[in-house]
Amino acid sequence: MATNATATVVRTGAGARFVIYTLLGLFCIYYLLPLYVMVVNSLKPLSEIQSGGMMALPKEWTVAPWASAWSTAQIGVAATGLKPYFLNSILMVVPAVAISTVLGALNGYVLTKWRFRGDTIVFGLLLFGCFIPFQMVLIPMARMLGLMGLAGTVPGLVFVHLVYGIGFSTLYFRNYYQQFPTELVRAAQIDGAGFFTIFLRIMLPSSGPIAVVCIIWQFTNIWNDFLFGASFSDFDSQPMTVALNNLVQSSTGVKEYNVHFAGAIMAALPTLLVYIVAGRYFVRGLMAGSVKG
Amino acid sequence: MRRFFKVTLMAAATLASATSLSRAGDVEVLHWWTSGGEASALTVLKKDLETQGIGWQDMPVAGGGGTQAMTVLRARVTSGNAPTAVQMLGFDITDWAKEGALANLNDIASAEGWDAVVPEALQKFSKYDGQWVAAPVNVHSTNWVWANKALLEELGIAQPSTWDELVAAMEKVKAAGKTAVAHGGQPWQDATIFDAVAMSTGGPEFYKAAFVDLDPTALGSAQMKETFDRMSVIRSFVDDNFSGRDWNLASAMVINGDAAFQFMGDWAKGEFLNAGKKPGEDFLCFRFPGTQQQVTFNSDQFAMFKQGDAVSAEQAALAKAIMSPSFQSAFNVVKGSVPARVDVPDEAFDACGKQGMKDLAAASSSGNLFGSMAHGHANPASIKNAMYDVITAHFNGEYDSDTAVKEMVNAVSLAQ
Amino acid sequence: MTMTVQDRSRGGDWLRDALPKIVLSPSLVIVLVFVYGFIAFTFYLSFTDSRILPSFELVGWQNYSRLFQVRAWGIAIDNLLIFGSLYIVICCALGLALAILLDQKIRAEGFIRTIYLYPMALSFIVTGTAWKWFLDPGIGLQAVVRSWGWESFTFEWIKDSDMAIYTIVIAAVWQTSGFVMAMFLAGLRGIDNEVLKAAQIDGASNWALYRRIVIPQLRPAFMSAFVVLAHMAIKSYDLVIALTGGGPGTATELPATFMYSYTFTRNQMGIGAASATIMLMSIAAIMIPYIWSELREPK
Numbered sequence: 363m364a365t366n367a368t369a370t371v372v373r374t375g376a377g378a379r380f381v382i383y384t385l386l387g388l389f390c391i392y393y394l395l396p397l398y399v400m401v402v403n404s405l406k407p408l409s410e411i412q413s414g415g416m417m418a419l420p421k422e423w424t425v426a427p428w429a430s431a432w433s434t435a436q437i438g439v440a441a442t443g444l445k446p447y448f449l450n451s452i453l454m455v456v457p458a459v460a461i462s463t464v465l466g467a468l469n470g471y472v473l474t475k476w477r478f479r480g481d482t483i484v485f486g487l488l489l490f491g492c493f494i495p496f497q498m499v500l501i502p503m504a505r506m507l508g509l510m511g512l513a514g515t516v517p518g519l520v521f522v523h524l525v526y527g528i529g530f531s532t533l534y535f536r537n538y539y540q541q542f543p544t545e546l547v548r549a550a551q552i553d554g555a556g557f558f559t560i561f562l563r564i565m566l567p568s569s570g571p572i573a574v575v576c577i578i579w580q581f582t583n584i585w586n587d588f589l590f591g592a593s594f595s596d597f598d599s600q601p602m603t604v605a606l607n608n609l610v611q612s613s614t615g616v617k618e619y620n621v622h623f624a625g626a627i628m629a630a631l632p633t634l635l636v637y638i639v640a641g642r643y644f645v646r647g648l649m650a651g652s653v654k655g
Numbered sequence: 003m004r005r006f007f008k009v010t011l012m013a014a015a016t017l018a019s020a021t022s023l024s025r026a027g028d029v030e031v032l033h034w035w036t037s038g039g040e041a042s043a044l045t046v047l048k049k050d051l052e053t054q055g056i057g058w059q060d061m062p063v064a065g066g067g068g069t070q071a072m073t074v075l076r077a078r079v080t081s082g083n084a085p086t087a088v089q090m091l092g093f094d095i096t097d098w099a100k101e102g103a104l105a106n107l108n109d110i111a112s113a114e115g116w117d118a119v120v121p122e123a124l125q126k127f128s129k130y131d132g133q134w135v136a137a138p139v140n141v142h143s144t145n146w147v148w149a150n151k152a153l154l155e156e157l158g159i160a161q162p163s164t165w166d167e168l169v170a171a172m173e174k175v176k177a178a179g180k181t182a183v184a185h186g187g188q189p190w191q192d193a194t195i196f197d198a199v200a201m202s203t204g205g206p207e208f209y210k211a212a213f214v215d216l217d218p219t220a221l222g223s224a225q226m227k228e229t230f231d232r233m234s235v236i237r238s239f240v241d242d243n244f245s246g247r248d249w250n251l252a253s254a255m256v257i258n259g260d261a262a263f264q265f266m267g268d269w270a271k272g273e274f275l276n277a278g279k280k281p282g283e284d285f286l287c288f289r290f291p292g293t294q295q296q297v298t299f300n301s302d303q304f305a306m307f308k309q310g311d312a313v314s315a316e317q318a319a320l321a322k323a324i325m326s327p328s329f330q331s332a333f334n335v336v337k338g339s340v341p342a343r344v345d346v347p348d349e350a351f352d353a354c355g356k357q358g359m360k361d362l363a364a365a366s367s368s369g370n371l372f373g374s375m376a377h378g379h380a381n382p383a384s385i386k387n388a389m390y391d392v393i394t395a396h397f398n399g400e401y402d403s404d405t406a407v408k409e410m411v412n413a414v415s416l417a418q
Numbered sequence: 029m030t031m032t033v034q035d036r037s038r039g040g041d042w043l044r045d046a047l048p049k050i051v052l053s054p055s056l057v058i059v060l061v062f063v064y065g066f067i068a069f070t071f072y073l074s075f076t077d078s079r080i081l082p083s084f085e086l087v088g089w090q091n092y093s094r095l096f097q098v099r100a101w102g103i104a105i106d107n108l109l110i111f112g113s114l115y116i117v118i119c120c121a122l123g124l125a126l127a128i129l130l131d132q133k134i135r136a137e138g139f140i141r142t143i144y145l146y147p148m149a150l151s152f153i154v155t156g157t158a159w160k161w162f163l164d165p166g167i168g169l170q171a172v173v174r175s176w177g178w179e180s181f182t183f184e185w186i187k188d189s190d191m192a193i194y195t196i197v198i199a200a201v202w203q204t205s206g207f208v209m210a211m212f213l214a215g216l217r218g219i220d221n222e223v224l225k226a227a228q229i230d231g232a233s234n235w236a237l238y239r240r241i242v243i244p245q246l247r248p249a250f251m252s253a254f255v256v257l258a259h260m261a262i263k264s265y266d267l268v269i270a271l272t273g274g275g276p277g278t279a280t281e282l283p284a285t286f287m288y289s290y291t292f293t294r295n296q297m298g299i300g301a302a303s304a305t306i307m308l309m310s311i312a313a314i315m316i317p318y319i320w321s322e323l324r325e326p327k
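Residue numbers (the working numbering), protein chains in the order written: chain A, 363 to 655; chain B, 3 to 418; chain C, 29 to 327.
Hint data in this document are derived by calculation from the structure and do not stem from the laboratory.
Don't take each hint at face value.
[Unchecked claim] Residues on chain A that point at chain B, a partial pick, calculated with CB under 7 Å:
no.	residue
1	VAL439
2	LEU500
3	ILE501
4	LEU507
5	ALA513
6	GLN611
7	SER612
Even glycine gets a Cβ: it sits at the ideal position worked out from N, Cα and C.
Start from the sequences, fold in the hints, and give me the full structure.
Take a look at the structure:
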C-alpha cells in the first residue's frame, strides 16, 4: 500500500493560495449558515423572531428555549420536554450500531479471506439491499416483527436497523479487508490459528479506521431515523426524532421557533459530537479502505 | 383484505404474552394533539381516567394533520400491537371498521343515549353497519371567514354576505395596499377554500352530488367551472409569498392587520385568542359568503381497537369520558371547535363558539350539515387527495378552469 | 488474483470448512427475507387491489396502467431525473474541488473539514426549518439582501413551480457534498507522490498534473461516491417533505414521496406498490451493472 497521509506535493504560489483560502472560507459560510440560523434563533426570545430578522444576533440572549426544549416543552399530553426520549434513542442506537458493525466486520472478513464459490453473489445481494426504499418495507416489516413478538419493543427497533444497516457495514469492511495482506492470515493459519482467533488477533486490531467510518455512518443513520422509530415503537420506546417531530409539527398554537431550534440542535448534538470527535479519523478510515476499489 | 387482517389478529393473539400489549387497566392512546392547548385539554381526559384507576399511556405522533399517525397506526395494527384508542377522522374510521378492527361500542352508546344527542351527519362516521365504533370529540366547521375588524372599519368595508360583496371588499383591501386574503399554499388549505367556494357557488345539492356522490355530471358541470373561476379570482387576491405557508402564519397576517381575510376552519380562532384578540371586537368570524345556512364539518373521533372479543372496561370508560358533557365543553372551548353532542350548554363559549353551536344545531336540523370534502368527511382519502391534486394545480396556475374541470372528472375516476 | 486462506486449507474438519459460511449465513438469511422477500411481496401487491391494508385479490396490470395515467407520477420521474443528475454531478464536482483545495497544505485543515462534513450528521427534520426560512423570500436570503440596500434582489425559487426543484438540489448538495469531499480527499491522499514529483520534473503544469494523473486515479472514489449519492437521491424523502412538502402544487414531487403518499395517505397501496416496483427496477437497472463491474474486476 503506497498510501501516504500527507497533502499533495503540488506547489502553489502566494496569489493562488489567497484565492484558495478565500474559496474555502466562502464554503465554510455556505455550510455553516443553516447552523448559524438555528443557533442564533434558539437563543432569542420568541418576540424577537416574530419581529423579523432571522439573521440578526439576539438583542437579548436567553437560554430559556433550551431549558424548555429539554424538560418542559409539550411533546404529548405530558409536558416532559425531550429528556425522556433521549434515553430511548440511546438504548436503541448503541446496540444497533454495535451489532451491525460487528456483523459487518465478520462478513467482510469472510468475504475477503475465506472466499468460497458464489461469495461475490452473496456480497452483491447484501449490497443491493442498501437501496431498498424504507417506505416500501414498512408494512411487511411490521407483520414480521409481530410474528417474532418484537412489535413495539426496543429489541424490535434494534433488529430493524440492524437488517438495513448490514449492507453498508459489510461494504465498508469488505473493501477495507480486501487490502489487508492475505499472506498474514495464511501464515497464522499455518501456525494453527482458527477462524475466530485470526479475526480477533489479526484482523480486529487493525480495523480501527474503518470501524470509525462504519460507526459514524450507522450512528448517523439510525439516530436520525424517523420512519422506523415512529412506526415500530411503543408509547414507552419512542425515540428522540419522534419527540422532536411532535415538538416541531404541532398543528395549532403559537409556533415557538426558538424552542424548536433549541430542540433540533439538541437532537442533533450526539451525531455532531461523533463527527467532531471522530471526524479526523474519518478521512483516514475512508482513505484506508472504502474508496479504494 | 379481511383475511390478511384476521391472520394478523390471530398471530397477535398467540403472541399476546410476548408482545408488549398494554397492561390491563391502562389505555394506550395514539393521537396527534401535541400543541399546548390541545394537550392540556387531553390532560382533562387523562385525569378523569386516572380517578377511575385507569392509566394513560401516551403515544403522540404529530404531523400532516394526522397522516403521520395513520401510517404509524397501520404498522401497529399489522404487527398485531394496535393501540387501545386512536384519534381518527372521517373515512379513516369507516375504512378501519370495514377491516373489522374496531370494537363495538353499542352497549355504552345505548346506556348513555348517544343516538339522541349526536347529529345524524356525525353518526355516519361514528357508526358502521349499525354499530357505534367511535366516540366523537368535537365538530370543527370549516366554512368560516376570519377578518381583521379594525382594518375593515378603516377601509369602510361591511361584513360581506354574497360573493360579489366579497370580491368588492377584497378589491378595496388590495387597492389600499394590503393583502386581501391571507392564505397558505398547501393542498389542504387550497382545498379548504375550494370547499367553501363550491358550496357557495353550487349550493348544497351540487356539493353533495359532486363530492359525496361523486356524480361525473356534477363534477364536470358548469357550476364546477364557475367554482374554479372563482378560485382564480381569489388567487389574484393572495400575496406573492403564499406558497407553502403554514395556516397559523396566515392567521398571524390577519391578526397583525397585514391582511383582511382568512378562509379557514374554526381552529384558527385559537390563534386569535392566543394573540389576546377578542371576537367581535378585534376580529370577526362569519360564514363564507353564500354559505350562511350551511355548515361543512370535520370531526375528531376516538375509535377503539379490538383487544379481544368484547370492548374492554377501560375502553368503555374512555369512550364514556370523551362523551361526557363536561369534557366536551372543556375541550372544545380550548380547541375552538364545538361539542359533538348538541345538548351541551354554551355558557363557557365565546361569541364565535356560541354562533358555531347555533349554526351546527340549525344546519343539522335543516339538513344543511355536510362533511367537508377538504377534510376527508365527504369521500375517502384516495378521492380526496385526487381532488387536492387538481385544486392545487389549478390554484398554482398549472391548469386553466376548463382543464381543471376535465381533470377533476378524470382524477376522481382514476382514484375510485 | 486474491489468494484466500481456503486455498490452503487441507480437507478434514467439516466445521472448520463450514464456519465462515455459518458466520455469514445469518446476514444472508436476514437479507433474503427482509429485503428480497419484501421486494417479492411488494411486487405481488402491485398486482392486487390492496387499499388500506394488503389484499390478495389480483387485478392484473390495472395499478400500473393507472400509475402512468397519474400526472404526479410523471412529474415525480422528471423531477428525479433533474434532481438526481444535478445532485450527483454537483456533489461530485464540488466535493472534488473542495478536496483538491483542501489538499494544498491548508492550515486548520481538520477544522475546515469538520465544518464541511457536519451537515451529514444532521437529519432534515432538524435542518428543514432552517433551510425553509433561509429560502423563504419573505424572511430569508431575499429579505436580508434587500435590507442591505439591494432592493431589486430576487430569490424566490422555493415559491416558483419551475424552480422549486433546484432549491431541493441546493439543500441536498449542502448536506452531502462534504461527505463526498472527504471521500475524494481520502482518494487524493492515497496517490503516490513520487509519480507527481516525476511529472513535475518533466515540467507538467498543476492543471495537467490533476487532469492527467490525479483525477484518473480517483476512479474508485468516484464509484463509491456514486453509490452513496445515487442511494441518497433515490431515497430523498425527508428533504422534500421538510422543505416544500412536494409543492408548490406538485412541482417537487419525487418517486419516494409519491410512493409514500399513495401507500399511506391515499390508501391506494396497490398503486404505491406498483410505483415501488418501478422504482426498484430502475435502481436495479443502474446498480446491478455497476456492482457487477466492481466485483468481477480483478484486483
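Exercise. Among all the numbered hints in the text so far, which are the ones the structure does not match?
Worked result: No numbers; nothing is violated.
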